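For the protein sequence lines, the chains are A and B, in the order given.
Residue numbers in the first sequence follow the numbering used here, run continuously in steps of one, and reach 229 at the last position.
Residue numbers in the second sequence follow the numbering used here, run continuously in steps of one, and reach 1132 at the last position.
Keep in mind the hints are simulated off the structure, nothing from the lab.
This structure is a prediction, so every number in the text was calculated from the model and none was measured.
Among these hints, one or two may not hold up.
Cβ pair distances, simulated, as ranges [stated by the list, open to error]: (1) Gly129/A <-> Leu1036/B: 29 to 39 angstroms; (2) Leu224/A <-> Leu1036/B: 17 to 27 angstroms; (3) Leu1026/B <-> Asn117/A: 52 to 62 angstroms; (4) Ala1034/B <-> Pro118/A: 56 to 66 angstroms; (5) Thr1132/B <-> Leu224/A: 23 to 33 angstroms; (6) Arg1040/B <-> Leu224/A: 51 to 61 angstroms.
The beta carbon of each residue, even a glycine, is placed where N, CA and C say it ideally should be.
Residue strings, one per chain:
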Amino acid sequence: MIAFENLGFNYGGGELLSDVTLRLAPGSFHFLTGPSGAGKSTFLKLAYAELRPTAGRVSIFDRDARMMTRDDVALCRRRIGVVHQDCQFLDHLPVATNVTLPLTVANRKGNPQDLTALLDWVGLGKLADALPPQLSGGERQRAALARAIIMSPDVILADEPTGNLDWDMSLRLLTLLVELSRMGKTILVATHDMNLIRQAKSQLAARVLRIQNRRVQLAGADL
Amino acid sequence: MKPNHPALLAPVQLARSLFARDRQADRVVPPSGFTAQLTLFTAGAMAFLAVFALALSLASGRLADRWASALAGTATIRISAPPEQLDTQVAAVVALLATTPGVASSRVLDTAEQRALLEPWFGPDLPVDALPLPRLIELTEASPGYDGQGLRLRLAAEAPGAVLDDHTRWRRPMAQAAERLRLLGALSLILIAGSTAAMITLAANAALSANLPVIRVLRLVGAKDAYIVRAFVRRFTLRALTGAAIGTLIAMIGVALLPQADDAGAFLTGLGFQGFGWLLPLLLPPLTAMVAFAATRYAAFRTLKGLT
Ligand SMILES: Nc1ncnc2c1ncn2[C@@H]1O[C@H](COP(=O)(O)OP(=O)(O)OP(=O)(O)O)[C@@H](O)[C@H]1O
Ligand SMILES: [Mg+2]
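With these hints in hand, go ahead and build the complete structure from the sequences.
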């Protein structure tokens, strides 16, 4: 699905990532950990072509990210659901409209019942008409997750999706991710939450990647 | 990146971007009150000015044409000579004119006509025969016309008492001035179009930078550039169209209400439109819309190029 080959990246200063070779196989479930500032968000941004590698290459759905036109990138993002660390909503539109935004920009009609079910599932049924700035941090993250999966994407990238959630809600979100994984989606979750990782590993074969010394390495079984 | 080039502003595209069912694309970008009013006002004011520039240009064009054709029309040769030489010189001039290329015809004015010309000044009882009046020959110019300088030289050689008065001495500068005015009017129209484009580009850029976070989110959830561009282009084009329609209408009413007067104030009152000329200002709103369409499209694609 998404492959990194000898990838290197810097924001213009020192190298943040270097010589990363990695493949997210279809249907795989990965966690991405590492200290704050290690480059987890950066790595995800490389995976959905918000950033382009400064060395090596990233292939998204078997296409070199550097060769993609802007429209290709747009089409590609419709197949990748992203939960951004800072959520990224249109603050002037209600939650429901924000959640269906990927459908809207793709000129697709959504099913209103599906939307209600989805919002209920993430516990936002009563907040469909609220504006994003009125939501709590956790509510925003749940809305972001709902938006990420509304297109039923092949790949789901989540950046600290449980950062503001309590344990119960984290578990609920994990259950949803596990469910999606069983449906064959490819999933990558950046997180600090070791409990979440342990919990996930008890439910499915999740692999843990760790960013250390600018490399992304498969972590051992020490979790 | 096929159709992304701002230069292609086919009317079809324009219509499509305006009336396609893209209302929801419109909604995803928050309303931008200030730039909206700025665009409306600019388009209105510019269309208003353009109507007058157009009227000026058309009126001076008509004037230039009329004066130029009067110039080209006729000339007079005045022959003053001692009475005994007068007939010979007249005959010589007539013969000379007959062989001058560019002169269509010539005619010696008879005493009755000369009397008619002088009557307003001297009354009906003027004894024309008794006065040493010059004889007048009227000539009509062919096209292409004669060479005035050459004709004068030949006249001087063959009939020393003959003077060519081709009216050009006083009319040519006026015709030139009218021609110049027509040009200035046209130039003003071009400048107005340019300023409109510049101001709408500025307004569009302001709206685009104010909405940069929105655009970024739209890109992140998979919107194509064309989708985002359409939301802005539609908005600005409609606004420019509305503003220009209002400005044009007001200016046309102003022109229509110019007081009518006959010949005396011919230039000022002639400033209005005539006949089909009234249809020309109606082109201004759609033209303004096209300028806004191109300007916003250009600005939007340029902004997007900087985002992933
Ligand atoms: N746009 C940018 N320009 C320059 N430097 C940046 C930019 N974005 C991030 N960085 C730097 O790159 C490094 C990695 O940032 P990144 O957001 O990928 O970290 P992270 O692993 O996601 O951290 P966290 O766990 O806190 O979210 C940080 O040192 C950050 O300051
Ligand atoms: Mg991060």
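Legend entry - Outcome for the supplied range 17 to 27 angstroms, where the beta carbon pair is Leu224/A and Leu1036/B: Violated: the Cβ-Cβ distance is about 38 angstroms, outside 17 to 27 angstroms.
Inset, instruction - Could you tell me whether the CB distance from Arg1040/B to Leu224/A stays inside 51 to 61 angstroms? - result: 33 angstroms, violated
Inset, instruction - Using the beta carbons of Leu1026/B and Asn117/A, state whether their distance is inside 52 to 62 angstroms or not. - result: 43 angstroms, violated
Inset, instruction - Please test the hint of 56 to 66 angstroms on the beta carbon pair from Ala1034/B and Pro118/A. - result: 32 angstroms, violated
Legend entry - Supplied distance hint 29 to 39 angstroms, evaluated on CB atoms of Gly129/A and Leu1036/B: 31 angstroms, holds
Inset, instruction - Can you let me know if the beta-carbon spacing of Thr1132/B and Leu224/A is within 23 to 33 angstroms? - result: Since the Cβ atoms of Thr1132/B and Leu224/A sit about 29 angstroms apart, the hinted range of 23 to 33 angstroms holds.
The structure is inconsistent with the numbered hints 2, 3, 4 and 6, although it conforms to all the rest.
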